[in-house]
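Could you put the whole structure together from the sequences, leaning on the hints where they help?
There are 2 protein chains.
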Amino acid sequence: MSPTLTILGCGSALPTRQHFPSSQIVEMRDKQYMIDCGEGTQIRMRQMGLKVARLGHIFISHLHGDHVFGLIGLISSFGMLNRTADLHIHAAPDLEKMLQPQLDFFCEGLPFNVIFHHINPRAHELVHEDRSVEVYSIPLKHRVPSCGFLFREKARDRHIRRDMIDFYNIPTWRIPKIKQGENFEMPDGEIIPNERLTTMPEKPKSYAYCSDTAYSEKIIPIIEGVDCLYHEATFMQNEAVRAKSTMHSTAAQAATIALKANVGKLIIGHYSARYNHKNGLLNEALAVFEKTIAAEDMSVYEI
Amino acid sequence: MSPTLTILGCGSALPTRQHFPSSQIVEMRDKQYMIDCGEGTQIRMRQMGLKVARLGHIFISHLHGDHVFGLIGLISSFGMLNRTADLHIHAAPDLEKMLQPQLDFFCEGLPFNVIFHHINPRAHELVHEDRSVEVYSIPLKHRVPSCGFLFREKARDRHIRRDMIDFYNIPTWRIPKIKQGENFEMPDGEIIPNERLTTMPEKPKSYAYCSDTAYSEKIIPIIEGVDCLYHEATFMQNEAVRAKSTMHSTAAQAATIALKANVGKLIIGHYSARYNHKNGLLNEALAVFEKTIAAEDMSVYEI
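Line by line, the protein sequences are chains P and A. Under numbering that gives the first Met the number 0, the residues of the first sequence are numbered 0 to 302, in order. Under numbering that gives the first Met the number 0, the residues of the second sequence are numbered 0 to 302, in order.
Hints listed in this document are in silico derivations from the structure and should not be mistaken for laboratory results. Since this is a predicted model, take the numbers as computed values, not measurements. The beta carbon of each residue, even a glycine, is placed where N, CA and C say it ideally should be. Treat the hints loosely; a few may be bogus.
Per the computed footprint, the stretches of chain P lying under chain A, defined by three or more beta-carbons under 8 Å from a beta-carbon of chain A, are [to be verified]:
no., stretch
1, 31-42
2, 68-77
Dumping the calculated SDA-like pairs for lysine to any residue here, alpha-carbon to alpha-carbon at most 25 Å [unchecked claim]:
no., chain 1, residue 1, chain 2, residue 2
3, P, LYS140, A, CYS106
4, P, LYS96, A, PRO92
5, P, LYS178, P, GLY188
6, P, LYS277, A, GLY48
7, A, LYS96, P, GLN101
8, P, LYS243, A, LEU281
9, P, LYS243, A, ASN81
10, A, LYS243, P, ILE191
11, A, LYS259, A, MET235
12, A, LYS140, P, MET79
13, P, LYS96, A, PHE115
14, A, LYS290, A, GLU201
15, A, LYS96, P, ASP93
16, P, LYS243, P, GLY188
17, A, LYS140, P, LYS96
18, P, LYS96, A, GLY108
19, P, LYS96, A, LEU109
20, P, LYS96, A, GLU107
21, P, LYS96, A, GLU95
22, P, LYS96, A, GLN101
23, P, LYS178, P, ILE191
24, P, LYS277, P, PRO220
25, A, LYS243, P, LEU80
26, P, LYS243, A, PRO92
What follows is the structure, given as structure tokens:
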């Protein structure tokens, strides 16, 4: 299955009728990864009927309220739903200082562990790795230390051909190795080359989340060629001065980054509450980079 | 205008598609008072297009997350919207301990004061008074110290008759006193009795909020005869054992309290997430007390 991005909230600091604050879930292979957790994240999950049993890691871009105020409610509800799996939170160190006293007070006897991993938002480095995915931080340019996240899917196994399994009578225990590229030796010693047994796997996908940030070309070498880029587009061009002073981006700037980084597609979000609809933002981005989509809350996008 | 109750959220701990956690706004005369502030309260306000310029006081029943997790986001957004008026929060002392560090970290430079007033949830006492309203705490029976709130509107001014103002040529500056019951002296010394100039004001209204609580007849003398009672009804009767062990009420218990306290009407809420619709809860309450309404998020009720 192709990786997906589920947008729970793509508004900015002030929630609106349409948009909750920032939160999204990256689904890659068999796992779910949350990025940011604004107020109402758990409500959006409920509204979507989303199951998050495979969510083990939450990545927090920066410590502004619209990216973290949903954490305590989410964790508290996980407790009531009897989650037992560890929950890992990757964030700047101050988050633990703010959240731990709340966990101690409001979530006594939580049936799972909340494990904080301190990240340095100023560094571009590997912050998490498992058998499917590598996650790197992307230093951004904002009023407080802020970093995006780059998700790189690891190489997938080759697809084994069902008809070849039958034809050569391949035992089940040999299949994992063949998927990884091994040849198959018949009982009579004949070697069946792997290329006859398998087909190419899908190319590993990559996704970059860049919010909140002013326009910054420094991120381009890091996100170069990703399949999908989510870049904040808080303002339209006529608010470019305000974008600069508040260290946010315009839609056209997001698209310029997408263009220069040669990404597969761009998803814009983090819309200012001043916009009643996103057409203006989308059109300004499309004028620069045509493979642009405007995010919508409770929507799922292929990465 | 008759006082109103705006339900922002009437769910219980776990939010559902229909119901956000607890929060409501009592509007009495020219003021708004919030009771409880679960996650998403500010979102509901936005969704309703609610203006809260006359909101100065928030009353917190108890320190469970579903009654307080929305405070930090609400206050943070008030700051971004350049609120300048003081915001008073009435709650058990631990709330200040939990919230102040978050305010210091996330809401630096807030353009208004957040003033905490410590209340003792175990006492029935006056917790707030202004020229329109008196607010009393109502000790409840829950797993943590919890209190409801009784709002008593003060006596209103009499209505002055427009035709009498014209007939007797009453100068504007005399009107406030006449509304308060004074007679009017004509230039020639003739006394016009107040009853000829004014009509009776509306009877002051009263409202009681009782959530979260197990069934407790101790509250009856306090809420006796209120115009409107909001009482939690987390469970249906077949979950009465669970209601008791978690210190919540069933719908029938809420209605029994309403009946015994001879209230004008009952609004039930704080529904468990297990119920997909509230008909069962409402029917069980109606069987005991017929003037029952089942609360709905984003609805406004006359008190």
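Okay, the hints, checked on the actual structure:
Here the stretch 31-42 of chain P counts 4 residues with a CB under 8 Å from a CB of chain A, which clears the bar of 3, and the coverage holds. Figure legend: the stretch 68-77 of chain P, annotated as covered by chain A; annotation consistent (6 residues with Cβ-Cβ distances under 8 Å, at least 3 required). For the hint linking LYS140(P) to CYS106(A), the alpha-carbon distance of about 20 Å falls within 25 Å, and the restraint holds. In summary, the hint linking LYS96(P) to PRO92(A) is supported, as the alpha carbons are separated by about 21 Å, within the 25 Å threshold.
Using a Cα cut-off of 25 Å, the hinted pair LYS178(P) and GLY188(P) holds, with the two alpha carbons roughly 20 Å apart. Restraint check: the Cα-Cα separation between LYS277(P) and GLY48(A) comes to about 19 Å, which is no more than 25 Å; the hinted pair holds. Restraint check for LYS96(A) and GLN101(P): satisfied, since their Cα atoms lie roughly 10 Å apart, inside the 25 Å limit. As the CA atoms of LYS243(P) and LEU281(A) are separated by approximately 54 Å, the hinted pair breaks the 25 Å bound.
Restraint check: the Cα-Cα separation between LYS243(P) and ASN81(A) comes to about 21 Å, which is no more than 25 Å; the hinted pair holds. Between LYS243(A) and ILE191(P) the alpha-carbon distance is near 69 Å, which puts this suggested pair outside the 25 Å criterion. Among the hinted pairs, LYS259(A) with MET235(A) is consistent with the structure: their alpha-carbon atoms are about 19 Å apart, no more than 25 Å. Taking the CA atoms of LYS140(A) and MET79(P), the gap is near 21 Å; set against the 25 Å cutoff, the hint holds.
Note on LYS96(P) and PHE115(A): the hinted pairing holds, with a Cα-Cα distance of about 22 Å set against a maximum of 25 Å. Proposed proximity of LYS290(A) and GLU201(A) is supported: the alpha carbons are some 21 Å apart, at most 25 Å. For the given pair, LYS96(A) sits about 17 Å from ASP93(P) by alpha-carbon distance, which is consistent with the 25 Å threshold. A hinted pair counts as satisfied when its Cα atoms are at most 25 Å apart, and LYS243(P) with GLY188(P) does not qualify at roughly 69 Å.
Between LYS140(A) and LYS96(P) the alpha-carbon distance is near 33 Å, which puts this suggested pair outside the 25 Å criterion. Among the hinted pairs, LYS96(P) with GLY108(A) is consistent with the structure: their alpha-carbon atoms are about 20 Å apart, no more than 25 Å. Distance hint between LYS96(P) and LEU109(A) is fulfilled; the C-alpha atoms sit about 21 Å from each other, no more than 25 Å. Distance hint between LYS96(P) and GLU107(A) is fulfilled; the C-alpha atoms sit about 17 Å from each other, no more than 25 Å.
Restraint check: the Cα-Cα separation between LYS96(P) and GLU95(A) comes to about 17 Å, which is no more than 25 Å; the hinted pair holds. The suggested pairing of LYS96(P) with GLN101(A) holds, with an alpha-carbon distance near 10 Å, which does not exceed 25 Å. With a C-alpha separation of about 13 Å, the suggested pair LYS178(P) and ILE191(P) falls inside the 25 Å cut-off, and the hint holds. As the CA atoms of LYS277(P) and PRO220(P) are separated by approximately 29 Å, the hinted pair breaks the 25 Å bound.
For the proposed pair LYS243(A) and LEU80(P), the alpha carbon gap of about 20 Å is at most 25 Å, so the pair holds. The suggested pairing of LYS243(P) with PRO92(A) is violated, with an alpha-carbon distance near 41 Å, which exceeds 25 Å.
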